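Visitor: Use the sequences and the hints to build the structure in full.
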Amino acid sequence: MKGYFYRILSSIAILIFLLYWTGVIVSTLPSKYIRNIITDKVPRFKTVSGFGWRLFTPPHTYNHRLYFIVRDIKAPQKSDTVEVLENITRQKQQKVPFNQKERAMDYLVQINVTEMLRRVWGFKQMPGEDIPGTTDSSYIAKAVVDQVSSSVYRDCLATLHNYCKVVLNEQKMDIRGKEVKIIVTRKPIRPYKERNNKQFIQKETPVFETAYQQLRNDAATN
Amino acid sequence: MKLLTNSYGTMLQLIKHYKVWLEKDNYKVLYLAFLRVAISVWLLQELIFNLPILELLYSSSSFVIPQKNFLNWLPWGYSLIRTHYMWFIVCYMGVIILNIFGIGRWVTGLLLFVMTHILQKMNLTVLDGGDVMARLILLYLIFADSYQYFVLFKQKKINNARQKVSNLLSNLAAFSIMLHLCLAYFTSGLLKINDPYWWKGEAIYYTLQMERFIGTPLNKYIIQHPWIELIINYAVLAFELIFPVLVWIKKCRKPLLIMGILFHIGIFIFLMIYGFQVVFVLIYGLFLPNNKLVRLKEKAGNYIRF
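Protein sequence lines, in the order shown, are assigned to chains A and B. For the record, in the first sequence the residue sitting at position 167 is 167 according to our numbering, with numbers rising by one throughout. Count along the second sequence from 1, add 1000, and you get the number used in our numbering.
Quick caveat, the hints were computed from the structure, so don't treat them as lab data. These numbers were taken from a predicted model, which means no experiment stands behind them. All C-beta atoms, glycine included, are put in the ideal place defined by N, C-alpha and C. There could be a bad hint or two in this list.
Claimed, not checked - Taking lysine-lysine and the DSS-like style, the derived pairs with C-alpha atoms no more than 27 Å apart in a straight line are:
(1) B/Lys1156 / A/Lys2
(2) B/Lys1292 / B/Lys1024
(3) B/Lys1220 / A/Lys95
(4) B/Lys1019 / B/Lys1292
(5) A/Lys181 / B/Lys1068
(6) B/Lys1292 / A/Lys2
Said to hold, decoys possible - Simulated coverage check for chain A against chain B, where a stretch passes if three residues somewhere in it have a Cβ under 8 Å from a Cβ of chain B:
(7) 66 to 80
(8) 87 to 96
(9) 160 to 170
Guide: Following this line, the structure appears as structure tokens:
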């Protein structure tokens, strides 16, 4: 009886193995049609079996900049600008290879910026100099409106707001009575064909912008 | 119809043949044990290195708003873990240590997988491919008998029928880990040949200039020499497509594993991505034959035997 049970168990194990691997291969390989069927029917499967292994594909052709523009509510004509991503990157490079904190900070901030941009722009054309009849700010505001109700977007934005408080605390700036505007820009890497062109200007393009929002002292500051 | 019946019959015979072969022996018995210990030590090391920032990563007072996931379904669980995250970390460390010594066997393995999954879900933003691969290894190791070496207490003899199932599960687990490595490379290789930057040989130029991944001043030196970029670009492309196919052939294995180690050392140094490289290279040992590893272990002496 026991022998029969173990024989059956072996066959079941092989069957599950074959089914599992068929699912993993189909849901991982870049063939959208069948992959979508599996991930639609069993969304949890992807979480367990892994993720898309992209390994720098495609490579980014730009670097992001994240600006916090802080001003006093009572004196809005004067503002301070703090850029954070370049600073995190510099610290990360300085402390190689013992840069756990800087690496974590880089991931925490960058992933929220990237995810927020992905939500806002999706497949839409990002702002640039070649969009006629609109300014960058109005074009961005129009795209952001569609995402205001999305919880992922709101969480990413709230994280950046919280991070702003951390940065201001580090700089010993009092956040009472202050409001902040968040701006994300893209700074292009000099294109491959222009690699020797010293005249090429790496002009930053704003791709995300919020209105001024008051900073509250109630949330996390770690 | 007859053709269909014939091919169905052939497939069944093939499965039967492999079933007998898989039940015969645990072909990766030593390395599975080593992998259990190595992955556990790596998890412990990551945790210890991250001790000063655990509050930032997991506590409820962190500035990060956690993304919604299955933990939010628990009416009390998520906030409880985040509020008392240090207790969770202490328990997690305990389970890792139990797993290193093989105490609790697959039950500890299962617990470690679940706890790793929860910890990763508590902060998805800091995960890279290495964390995902480590979680998958832990999942497969639950089914494997990785307790013949490096354990505090030796296992009692089990009956023949049970041993056969144990061998089969261990071999399928080892095979799954190896397959997952190959799948990761191959998927990435396929995406790369469809990507214009990789196809035209420009990808390394851009990758080395992504500010958050500039690991050394040498990155800037390399991008001044297009021929170096081109060689690396196409070597990466070729490696990712060739490795999953040819690593199964004995003659090609050694050069491919050496190439792979160089590839990962390159990413480690130039792009500052650390854990990912360690986990991927750890899997390489599964491609080595067990008898060679046993001989190596014997040469290394008795001090590594528990």
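Visitor: So is the stretch 87 to 96 of chain A in contact with chain B by the C-beta rule, three or more residues under 8 Å, or is the coverage claim wrong?
Guide: It holds: at least three residues are needed, and the stretch 87 to 96 of chain A offers 5 whose Cβ sits within less than 8 Å of chain B.
Visitor: With the threshold set at 27 Å, check whether the alpha-carbon distance from B/Lys1292 to B/Lys1024 stays at or below it.
Guide: Roughly 19 Å between the alpha carbons, so the hint for B/Lys1292 and B/Lys1024 holds.
Visitor: Verify the proposed pairing of B/Lys1156 with A/Lys2, using a straight-line Cα cut of 27 Å.
Guide: OK: B/Lys1156 and A/Lys2 at ~18 Å, within 27 Å.
Visitor: Quickly compare the C-alpha distance for B/Lys1292 and A/Lys2 to 27 Å and report which way the hint goes.
Guide: Answer violated: B/Lys1292 to A/Lys2 is near 35 Å, above 27 Å.
Visitor: At least three residues with a C-beta closer than 8 Å to a C-beta of chain B: is that true for the stretch 66 to 80 of chain A?
Guide: With 0 residues close enough to chain B, the hint is violated.
Visitor: Sort out whether A/Lys95 lies within 27 Å of B/Lys1220, counting only the CA atoms.
Guide: Since the Cα atoms of B/Lys1220 and A/Lys95 sit roughly 18 Å apart, the hinted pair holds (cutoff 27 Å).
Visitor: Is A/Lys181 within 27 Å of B/Lys1068, Cα to Cα?
Guide: With a Cα-Cα distance of about 26 Å, the restraint between A/Lys181 and B/Lys1068 holds, given a limit of 27 Å.
Visitor: Under 8 Å between beta-carbons, do enough residues of the stretch 160 to 170 of chain A, three at least, approach chain B for the coverage claim to hold?
Guide: As far as the stretch 160 to 170 of chain A goes, the hint holds, because 4 residues have Cβ atoms under 8 Å from chain B.
Visitor: Does B/Lys1019 pair with B/Lys1292 here, judged by a C-alpha cut-off of 27 Å?
Guide: Holds - the C-alpha atoms of B/Lys1292 and B/Lys1019 are around 24 Å apart, at most 27 Å.
Checked against the numbered hints above, the structure violates hints 6, 7; every other hint is satisfied.
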